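Colleague: Dock chain S against chain B, hints included.
Spelled out, the chains give:
2 protein chains.
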Amino acid sequence: MPGLTIKFKDMKKPEIFSTGRNHTAVNVGGFDSVSDYTMIHPRTGAELHKVFLKEPTGSTGTEISVQSIAAGTEVPYFHTHNHNEETYIILQGQGKMQVDGECFPVREGSFVRIAPQGMRGIANDSDGELVVMVIQSREHSLREHTSADGTPFPVDWR
Amino acid sequence: MPGLTIKFKDMKKPEIFSTGRNHTAVNVGGFDSVSDYTMIHPRTGAELHKVFLKEPTGSTGTEISVQSIAAGTEVPYFHTHNHNEETYIILQGQGKMQVDGECFPVREGSFVRIAPQGMRGIANDSDGELVVMVIQSREHSLREHTSADGTPFPVDWR
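Chains B and S are the protein sequences, given in the same order.
The opening position of the first sequence corresponds to residue 16 in our numbering, with each subsequent residue numbered one higher.
The opening position of the second sequence corresponds to residue 16 in our numbering, with each subsequent residue numbered one higher.
Bound-form chain B, shown alone (with noise of 0.2 Å):
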């Protein structure tokens, strides 16, 4: 009689599609299956329904990730930064953020940027899915911006 083998399903992981000697493409999924990655936080065990991009995209500016946070549950734990600046971007669905001790709601579309003091929580107090991208970047490290930086040519698809 075999004895028990226990399976581990795979762990779900962004997929590279193309890459080149000035960029990297992946592909997360559509953002209604973000609750399909799952990930231990290093610093409080918190299982999350999360997926980092600076790793499999070779990004040296951002940290970019993107969460689901189910109908009714938190993040659970408050947090601030050392360097770091964050924006909050909603993707999908409602709830509610603080920061300082402000509370306000948030959904679909709204960017919430914050300072690496402040002091930040996010819930999902509605009853459907809530999925949250948040950019983190070096604070007061962006020179240039908006088309300042870009210099345009004229369009030539191969």
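If you are wondering where the hints come from, they were derived from the structure by calculation, not from laboratory data.
Fair warning: there could be bad hints in the mix.
Pairs involving identical chains hold if they fit within one copy or between any two copies, as the list cannot separate such chains.
Keeping only pairs whose Cα atoms sit at most 16 Å apart, straight-line, the calculated EDC-like set for lysine to aspartate or glutamate is [to be verified]:
no., residue 1, residue 2
1, K27, D51
2, K65, E144
3, K111, D142
4, K27, E62
5, K111, E89
All figures in this text were calculated on a predicted structure; none of them were measured in a lab.
Modeller: Coordinates of chain S only, in the frame set by chain B:
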């Protein structure tokens, strides 16, 4: 007989709904109404359905924009950057991108990181709307990232 009166519609702008010492929160609106935003690109004269978020959110590490590209149309120029890395994130729909002559399809959930020197273009070759977010940040500016830059605290909703 009264003269003709030309009426200009007010340009749509993100609505700031919460501010504090460490944060600014704005609502852009649902991602299926990004086409309501209009701007003229200052260097090419192109009319784009695009909104920039650095100024309204007061961010200092990123320039975030959201753009709607109508079915069968394209951003009418390719471009490079001087100092900023870009990450293109497809929020809705599908289309194609090209970087340094390599052309590939993109769809909801695609993340494309491009170094400043990459010659890039994007087009919507589908029959639906394409909604794309672009994150600009200074190349090589990020030091600590993910949870290493953060300090967790107990949840403390007010």
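Colleague: If you check each hint against the structure, which ones fail?
Modeller: none
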